[in-house]
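Chemist: Sequence:
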Amino acid sequence: HDYAVIDTPARPNSDDLQELAKGCDLLILPTTPDVVSLEPMLAIANDIGDARYMALLAIVPSYPSKEGATMQKELIENGIPTFKTMIRRSSAFQKAALAGKPVNQMPGRDKIPWNDFKSLGQEIMEVLSK
15 HDYAVIDTPA
25 RPNSDDLQEL
35 AKGCDLLILP
45 TTPDVVSLEP
55 MLAIANDIGD
65 ARYMALLAIV
75 PSYPSKEGAT
85 MQKELIENGI
95 PTFKTMIRRS
105 SAFQKAALAG
115 KPVNQMPGRD
125 KIPWNDFKSL
135 GQEIMEVLSK
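If you read the sequence shown in this note's numbering, its first letter stands for residue 15, the second for the next number, and so on.
It is worth saying that the hints were derived from the structure and are not from the lab.
Honestly, I wouldn't trust all of these hints.
[Unchecked claim] Restraint ranges, calculated between C-beta atoms of paired labels, are given here: (1) E140 with D21: 18 to 26 Å; (2) K144 with E33: 19 to 27 Å; (3) D16 with S133: 33 to 41 Å; (4) N60 with G114: 37 to 45 Å; (5) N118 with P44: 17 to 25 Å; (6) I126 with Q32: 31 to 39 Å; (7) A57 with K109: 14 to 22 Å; (8) D21 with G114: 30 to 38 Å; (9) Q32 with R123: 20 to 28 Å; (10) K36 with Q119: 17 to 25 Å; (11) C38 with N92: 20 to 28 Å; (12) G114 with K36: 33 to 41 Å.
Quick caveat, the model's predicted, so the values are computed rather than measured.
The beta carbon of each residue, even a glycine, is placed where N, CA and C say it ideally should be.
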């Protein structure tokens, strides 16, 4: 399979977003689990119309915080297709960047966040196979 990942600036304008949405099999819209991010996500979903997209919660605080689950529920209740997988906040990402390595090549517990990305990859493949 061939896949292209295009990273855009935060909150691209709606024309650019619509163009991207038309040209891809799945548009992934990352967002953080906070009230400030909910309204822009709803607006973006409205702008891209019937394109195939899913929201991805990222920088999610770890347990016992319920911010990720709360935002996930809000998105779903508002009709936004949302990944089950969430990318948790971790200092391992900064450590990996400083070491010039991907997080999956970090020693010990610093490679644990890679599991979130593996889970996301599996979920993306399931979505694309439908």
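Chemist: I'd like to know which numbered hints this structure contradicts. Please list them from smallest to largest.
Modeler: Hint check: 3, 7, 8, 9 and 10 fail, others pass.
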